[in-house]
Amino acid sequence: MNMGDNGKPKLAMYWAASCGGCEISVLNIHEHILTVDSVFDVAFFPCIADFKIEHVNNYNDGYIDVCLFNGAIRTSENEEMARLLRQKSKVLVAYGSCAYEGCIPALSNLTTKEATFNTVYLDNPSIDNPDGTIPQPTYQVPEGELDIPVFYNTVKSLDQVVDVDYTIPGCPPEPPQIWAVLQVVVAALTEGAELPPPGSIVGARTVAVCEECPLEIHEKSIERFYRPYEINPEPGLCLLEQGLVCMGPATAAGCGALCPQVGMGCRGCYGPLPGVEDQGAKMLSAIASVIGAGDPTMEEDELERKIEAVVDTIPDPAGTFYRFSMAHSLLHRANLNGNGKGV
Amino acid sequence: MSEQFEPVIVGFLCNWCSYRAADLAGTARLHYAPNMRAIRVMCSGRVDPQFVLKALKEGADGVLIAGCHPGECHYVEGNIKALRRFILLKRMLAQLGVEEERVQLVWASASEGKILAEAVDKMTEQVRALGPLRWQETVLSGNGQWVEATPVLEEV
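Residue numbers (the working numbering), protein chains in the order written: chain D, 1309 to 1651; chain X, 46 to 201.
The hints are simulated quantities; they were obtained by calculation from the structure and are not laboratory data. Predicted, not measured: the structure shown is a model, and the values here were computed from it. Where hints are given, some of them may not hold.
Label pairs and their calculated CB-CB ranges [said to hold, decoys possible]:
{"hint": "1", "chain 1": "D", "residue 1": "PRO1484", "chain 2": "X", "residue 2": "GLU51", "range": "51 to 61 Å"}
{"hint": "2", "chain 1": "D", "residue 1": "ASN1437", "chain 2": "X", "residue 2": "ARG82", "range": "47 to 57 Å"}
{"hint": "3", "chain 1": "D", "residue 1": "SER1597", "chain 2": "X", "residue 2": "LYS159", "range": "26 to 36 Å"}
{"hint": "4", "chain 1": "X", "residue 1": "ILE84", "chain 2": "D", "residue 2": "ASN1432", "range": "42 to 52 Å"}
{"hint": "5", "chain 1": "D", "residue 1": "ASP1471", "chain 2": "X", "residue 2": "GLU51", "range": "37 to 47 Å"}
{"hint": "6", "chain 1": "X", "residue 1": "ARG179", "chain 2": "D", "residue 2": "PRO1506", "range": "27 to 37 Å"}
{"hint": "7", "chain 1": "X", "residue 1": "ASN60", "chain 2": "D", "residue 2": "ASP1369", "range": "50 to 60 Å"}
{"hint": "8", "chain 1": "X", "residue 1": "ARG82", "chain 2": "D", "residue 2": "SER1597", "range": "37 to 47 Å"}
{"hint": "9", "chain 1": "X", "residue 1": "GLU117", "chain 2": "D", "residue 2": "ASN1432", "range": "48 to 58 Å"}
{"hint": "10", "chain 1": "X", "residue 1": "GLU146", "chain 2": "D", "residue 2": "GLY1452", "range": "47 to 57 Å"}
{"hint": "11", "chain 1": "X", "residue 1": "ARG179", "chain 2": "D", "residue 2": "THR1446", "range": "28 to 38 Å"}
{"hint": "12", "chain 1": "D", "residue 1": "ASP1603", "chain 2": "X", "residue 2": "HIS76", "range": "29 to 39 Å"}
{"hint": "13", "chain 1": "X", "residue 1": "ASP68", "chain 2": "D", "residue 2": "ASP1603", "range": "42 to 52 Å"}
{"hint": "14", "chain 1": "D", "residue 1": "ASP1369", "chain 2": "X", "residue 2": "GLY104", "range": "35 to 45 Å"}
Each residue gets a CB set at the ideal place from its N, CA and C atoms; glycine is no exception.
Starting from the given sequences, assemble the full structure and let the hints guide the process.
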């Protein structure tokens, strides 16, 4: 432990390609934030305090005791910061779904950087960009050359760039889980308690969201799926059985099944269950098993037609099943060299 | 001599029908493409979509799933489950840029050695025409990291 100036262990939190919700989730542990403040000395936390990269550059290697790193690796700057904070931190935590598995930013792995730029800078109805300017990594101005970070074609998770000690899943992680993890860290730093084995996923359970979900399950098979705006789900009944895509069966619990309880199918943000490499593939299996269409007595053509008709009601399977886990999926991204139809 | 591209096709064959069809094709001394590496599974319904994705990621150019005809499954409707999954998987693979010929499902009963052999021949030619997939080399590099395109943006 590095006991610096005031003797407290050093805490850092940094955002890469993220929305800022993870920072808010840390502050959202309510009065416990005071305990965090009394135990730790904040060494770097650009969202809440004024720190510059020079501060981090000037730290000795391993100066930061715990670094919560949220956000995916989207640009060369994200990668540079990940490497820097890895070097300066004893314990690096992939905090939240983006750092863990790519999350929403990684959905752009289904397309190209050029297509993303077109949407963001050129084609969007709310964009006013008559000269068609898009960011250039380097640009000549009279005063010299300016450069900005390079925007990668592929979004990566933190562990695909540097070694990660622990992972806290969630978009964002839920306050009780964050507090539980912080208590373990605080106990380790102040009382010498054991930390979980390196590489652990902490702050999540090893069962599916369905285990925590109070909605009632019956044996029912689906003849068509609905998008959330298309129906008002019956309260108290399993959403998947009502035809709403709910990622519960393929998602690790820990959140308390908050979304299904308010009528919105689980989005899948806590990532796959232990032992599962590809959350999307598991969800695909789960969805396929509730499809009711087709029975063994049908002719082969009719059988296919019936099943196709049900599958037609799921408009974006890859985007739905990999909503949070594209970067961490088996294939990581779409193959842009193939002549598959793409998205 | 110019080397012809030989696709690697991973075949998941069900124990009760298609693996026996492959056996029959062998004992009947049928000549067919040697490109399929057969893996016996108890039922086509055992084929987890993860198996398919993993095969594609780790070097297969195509994946063939073969099972009993609908209505003839040893486990009543394991093959129907396989079909439901396969239809959904095909949609997802299209979004991931995997050509549809690369992942196929065929029904071949224990007496249909010829049908299985023909399906393997046909698929081998289709995948040969598409060329190698080489997911690790083209999309990911060998160590699991990504090959980044040269960071140069074209002027707009």
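Hints, one by one, checked against the model:
Our hint of 51 to 61 Å for D:PRO1484 and X:GLU51 holds, since their Cβ atoms are close to 56 Å apart. Taking the beta carbon of each, D:ASN1437 and X:ARG82 are about 52 Å apart, inside 47 to 57 Å as hinted. For the pair D:SER1597 and X:LYS159, the beta carbons lie near 33 Å from each other, so the given range of 26 to 36 Å is met. A beta carbon spacing of about 47 Å between X:ILE84 and D:ASN1432 agrees with the range 42 to 52 Å that was offered as a hint.
A hinted range of 37 to 47 Å holds for the C-beta pair D:ASP1471 and X:GLU51, which are about 38 Å apart. A C-beta distance of roughly 33 Å is found between X:ARG179 and D:PRO1506, which places it inside the suggested range of 27 to 37 Å. Checked against the hint of 50 to 60 Å, the C-beta distance between X:ASN60 and D:ASP1369 comes to roughly 56 Å, which is consistent with it. Evaluation of the 37 to 47 Å hint for X:ARG82 and D:SER1597 yields a failure: the beta carbon distance comes to about 28 Å.
The beta-carbon spacing between X:GLU117 and D:ASN1432, approximately 53 Å, falls within the hinted interval of 48 to 58 Å. The hint said 47 to 57 Å for the Cβ distance between X:GLU146 and D:GLY1452, and at roughly 53 Å that hint holds. Remark: the range hint 28 to 38 Å for X:ARG179 to D:THR1446 is upheld by a beta-carbon distance near 32 Å. Between D:ASP1603 and X:HIS76 the C-beta distance comes to about 38 Å, which sits within the given range of 29 to 39 Å.
Checked against the given bound of 42 to 52 Å, the beta carbons of X:ASP68 and D:ASP1603, roughly 29 Å apart, lie outside it. D:ASP1369 and X:GLY104 have their C-beta atoms about 39 Å apart, which keeps the hinted 35 to 45 Å range intact.
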